[in-house]
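From first to last, the protein sequence lines stand for chains A and B. Per the numbering used here, the very first residue in the first sequence carries number 16; after that it's consecutive. Per the numbering used here, the very first residue in the second sequence carries number 16; after that it's consecutive.
Where hints are given, some of them may not hold.
Identical chains share a label here; the pair holds if one copy fits it or two copies do between them.
To be verified - Calculated pairs, SDA-like style, for lysine to any residue (alpha carbon to alpha carbon, straight line, at most 25 angstroms):
#1 Lys72 to Ser38
#2 Lys53 to Asp100
#3 Lys72 to Thr105
#4 Lys42 to Arg226
#5 Lys53 to Asp26
#6 Lys125 to Glu63
#7 Lys72 to Met106
#8 Lys125 to Asp59
#9 Lys91 to Gly112
#10 Lys188 to Asp159
#11 Lys125 to Gln55
#12 Lys91 to Leu133
#13 Lys42 to Asp145
#14 Lys91 to Arg226
#15 Lys72 to Pro103
#16 Lys153 to Ser56
#17 Lys72 to Ala132
#18 Lys188 to Glu222
#19 Lys53 to Gln99
#20 Lys153 to Lys188
#21 Lys17 to Arg221
#22 Lys68 to Asp145
#23 Lys42 to Leu133
#24 Lys153 to Pro73
#25 Lys188 to Ser56
#26 Lys153 to Glu62
#27 Lys53 to Ile70
#28 Lys125 to Ser56
Hints are computed from structural coordinates only; laboratory data are not their basis. Since this is a predicted model, take the numbers as computed values, not measurements.
2 protein chains.
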Amino acid sequence: MKGLYLVTDRDLCGDRSLEDVISRSVKGGARYVQIREKDQSTRDFIEEAVRIKEILKPFSVPLIINDRVDVALAVKADGVHVGQDDMPYTMARSLMGPGAIIGLSVETWKDVEEAEALDCDYIGISPVFDTPTKTDTKGAWGLDGLTRIRAFSRHQLVAIGGLNSSNAADVIKAGADCLAVVSGICAAPDPEAASEELVGMIADARERMDRA
Amino acid sequence: MKGLYLVTDRDLCGDRSLEDVISRSVKGGARYVQIREKDQSTRDFIEEAVRIKEILKPFSVPLIINDRVDVALAVKADGVHVGQDDMPYTMARSLMGPGAIIGLSVETWKDVEEAEALDCDYIGISPVFDTPTKTDTKGAWGLDGLTRIRAFSRHQLVAIGGLNSSNAADVIKAGADCLAVVSGICAAPDPEAASEELVGMIADARERMDRA
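Bound conformation, chain A alone:
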């Protein structure tokens, strides 16, 4: 997991469709897309996921479904992201198979430690900064927490929560492999430009680190 990871929030898309925002974000360089829906019917979620899978196909961008392994299996998505209130990781792996991308949110140090025993594809450091778009998480990790996890964990780290162009470079520097962005793209006036800017900042920060 490297680069920019779009996590959707349809409420932030304003009068644009979710499909439009996603399409523009991948054109701007997002490398992964996770769709997160909490209030839709299963049928609507599946139909949406089918449409988004078609959008992503020409870009070879993996489609990752938040929480709902049923939806992921139904549409043959590339993976799922599970939080600590979702299906336990090992169950999700057993249902999704060894080839699926499965990410797991860590909200406490205990979660980080337990994740060491799991063969997840990444852990989601959630949230790095406090954010109004997700309110069911515990305290923010901050850059210090991220650094501490980087030193400890064998996993790829996807940072999420309050990430935008003002802090993207610092988050990469603190140890994130990949930046998951919600409102910084979904609520951006131009999701393509916002994605391009973030992709550029991630690449620059990584280049500076490689050089150092």
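On the provided structure of chain A, position chain B as indicated by the hints.
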């Protein structure tokens, strides 16, 4: 599908646990249990389903999960019940396998016709009578609708919606194979006695029909 089918609604259980109500209902003779949860986290739903599966095991009562194929797969439930806003039947069948019990709600005549082409284990006639416990359905079928479906459909018919001891006999007479009951059991002062009474009424109504 014959006899009494408990469909749960935790809000109707009052100060009793869902597990307690289910346990008493199967002691009273319920032959199938469907758990329906709309507001729980996936993790909580899975943990609940595991507990309920243990309760049902000694009774050999199948556990059926409403809507959530992920939860059903995770706990190896016996089946799922899908409505018209849930996962399409053929997807659910392909994920659950040929041995699973899969029921499908029919709310319109078009649903009934389309179900003829499907190998579902039963169709849920939803709702037979108007009910406050489920508000996202179309108009009630009534006894006439049930009779009309019985004459047309090759499927087993599970009647649901507003069923209780005052109408159970008529619903069997109109053609239902099985009665799915929500508030008539979950909100009953004594779920075991309520289940026993319904089981007795179903058996009596069927006996009268066999004799006629």
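Going down the list of hints, with the structure as the test:
1. Lys72 to Ser38: Only inside one copy: Lys72 and Ser38 sit 11 angstroms apart there, 48 angstroms across copies, limit 25 angstroms.
2. Lys53 to Asp100: both (13 angstroms within a copy, 15 angstroms between copies)
3. Lys72 to Thr105: Answer is between: at 24 angstroms across copies they meet the 25 angstroms cutoff, but 28 angstroms inside does not.
4. Lys42 to Arg226: neither (28 angstroms within a copy, 71 angstroms between copies)
5. Lys53 to Asp26: Cα proximity of Lys53 and Asp26: in one copy and across copies (11 angstroms, 20 angstroms).
6. Lys125 to Glu63: For Lys125 and Glu63, the Cα distance is within 25 angstroms only across copies (24 angstroms; inside one copy 35 angstroms).
7. Lys72 to Met106: between (27 angstroms within a copy, 21 angstroms between copies)
8. Lys125 to Asp59: For Lys125 and Asp59, the Cα distance is within 25 angstroms only across copies (19 angstroms; inside one copy 35 angstroms).
9. Lys91 to Gly112: both (11 angstroms within a copy, 16 angstroms between copies)
10. Lys188 to Asp159: within (11 angstroms within a copy, 70 angstroms between copies)
11. Lys125 to Gln55: Result: close only across copies, 23 angstroms inter versus 32 angstroms intra.
12. Lys91 to Leu133: both (23 angstroms within a copy, 22 angstroms between copies)
13. Lys42 to Asp145: The answer is neither: 28 angstroms in one copy and 50 angstroms across copies each exceed 25 angstroms.
14. Lys91 to Arg226: Neither. Shortest intra-copy (40 angstroms) and inter-copy (52 angstroms) distances fail the 25 angstroms Cα cut-off.
15. Lys72 to Pro103: Answer is between; shortest inter-copy Cα gap is 23 angstroms, intra-copy 29 angstroms.
16. Lys153 to Ser56: between (27 angstroms within a copy, 16 angstroms between copies)
17. Lys72 to Ala132: Answer is neither: 33 angstroms inside a copy and 32 angstroms across each miss the 25 angstroms cutoff.
18. Lys188 to Glu222: Answer is within: at 10 angstroms inside a copy they meet the 25 angstroms cutoff, but 76 angstroms across does not.
19. Lys53 to Gln99: both (15 angstroms within a copy, 18 angstroms between copies)
20. Lys153 to Lys188: within (23 angstroms within a copy, 56 angstroms between copies)
21. Lys17 to Arg221: within (10 angstroms within a copy, 65 angstroms between copies)
22. Lys68 to Asp145: neither (30 angstroms within a copy, 39 angstroms between copies)
23. Lys42 to Leu133: neither (33 angstroms within a copy, 41 angstroms between copies)
24. Lys153 to Pro73: Neither. Shortest intra-copy (37 angstroms) and inter-copy (40 angstroms) distances fail the 25 angstroms Cα cut-off.
25. Lys188 to Ser56: neither (40 angstroms within a copy, 34 angstroms between copies)
26. Lys153 to Glu62: between (32 angstroms within a copy, 22 angstroms between copies)
27. Lys53 to Ile70: Result: close within a single copy only, 21 angstroms intra versus 30 angstroms inter.
28. Lys125 to Ser56: This pair counts as between: shortest inter-copy Cα distance 20 angstroms, intra-copy 33 angstroms.
Figure legend: structure checked against the earlier numbered hints; hints not met, in rising order: 4, 13, 14, 17, 22, 23, 24, 25.
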